[in-house]
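Asks: My request is simple: use the sequences and hints to build the entire structure.
In terms of the UniProt record's numbering, the sequence shown is residues 1 to 213.
Please note: incorrect hints may appear among the correct ones.
[Said to hold, decoys possible] Taking lysine-lysine pairs in the PhoX-like style, the calculated list, with each CA pair at most 20 Å apart, reads:
#, residue 1, residue 2
1, LYS175, LYS157
2, LYS64, LYS157
3, LYS175, LYS154
Hints in this document: simulated from the structure, not taken from any laboratory.
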Amino acid sequence: MKKLVRAMLQAIGALTVVVMLAGVGLAAFAGYWMRVDEPPIKADYIFPLAGNDNRLIEAVELYKQGYAPVILISMSKEYPPTPLDRTKWLIGFPDYPRMEFVRRLVSVLGGDTKKLEPFGNGHVSTLEEIEALKKHLNGKRVSLLVVTSPEHTKRVKIILDDLLPECDITVMATKEGAFETKWWKDQRSAQRLIMEFAKTLYYLAGGAYRSTD
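Replies: Put into structure tokens, the structure is as follows:
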């Protein structure tokens, strides 16, 4: 019995070491495998994910270059204003509703506000956002030119392939936020990639952040 227990403990210990080494290896090479940046091709829609308006800025540039006739606008959850937000309003910063801000930004950048197509309502995660898009598309087989931040591209690609296998998908990274291959040498790259690495593993393990949580 003691030999059996010892053998089981040794096996568990060995498995733990293997898992830890695999995790370290994946993290060390995250600067390679988490990077997705496909060349743009013409599509039915340009889809800048919510969460960072640099994505929308690049989407407008792609629209102006003729890559797609419509920009999808993700209507994610709007959080209550922070004390800093309120202070900005006091000193004259404008307080636009989300869609009004989007229209003004697109107009200033030279895009056509009539070519914006909003979807969703209050989603809080990438998974919920793409679920909302799937519902919006309602089974249509379309091509999507997806724009998101560099560290976000791999997880977005995985989720899109899982939820929209019928669509032709191209994933592009914004120029803003590019990370180093040796990401641990740069503080901002390290912060972003560690967070995204954790979120990717969480999704692959079946986890999801929900607005109903």
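Asks: Are the hints correct? Go through all of them and say.
Replies: Taking the hints in turn, this is what the structure says about them:
1. LYS175 / LYS157: Answer holds: LYS175 to LYS157 is near 18 Å, not above 20 Å.
2. LYS64 / LYS157: With Cα atoms ~24 Å apart, LYS64 and LYS157 exceed 20 Å; violated.
3. LYS175 / LYS154: Satisfied, since the Cα-Cα distance of roughly 16 Å is no more than 20 Å.
In summary, the structure is inconsistent with hint 2 from the numbered list given earlier, while agreeing with all the others.
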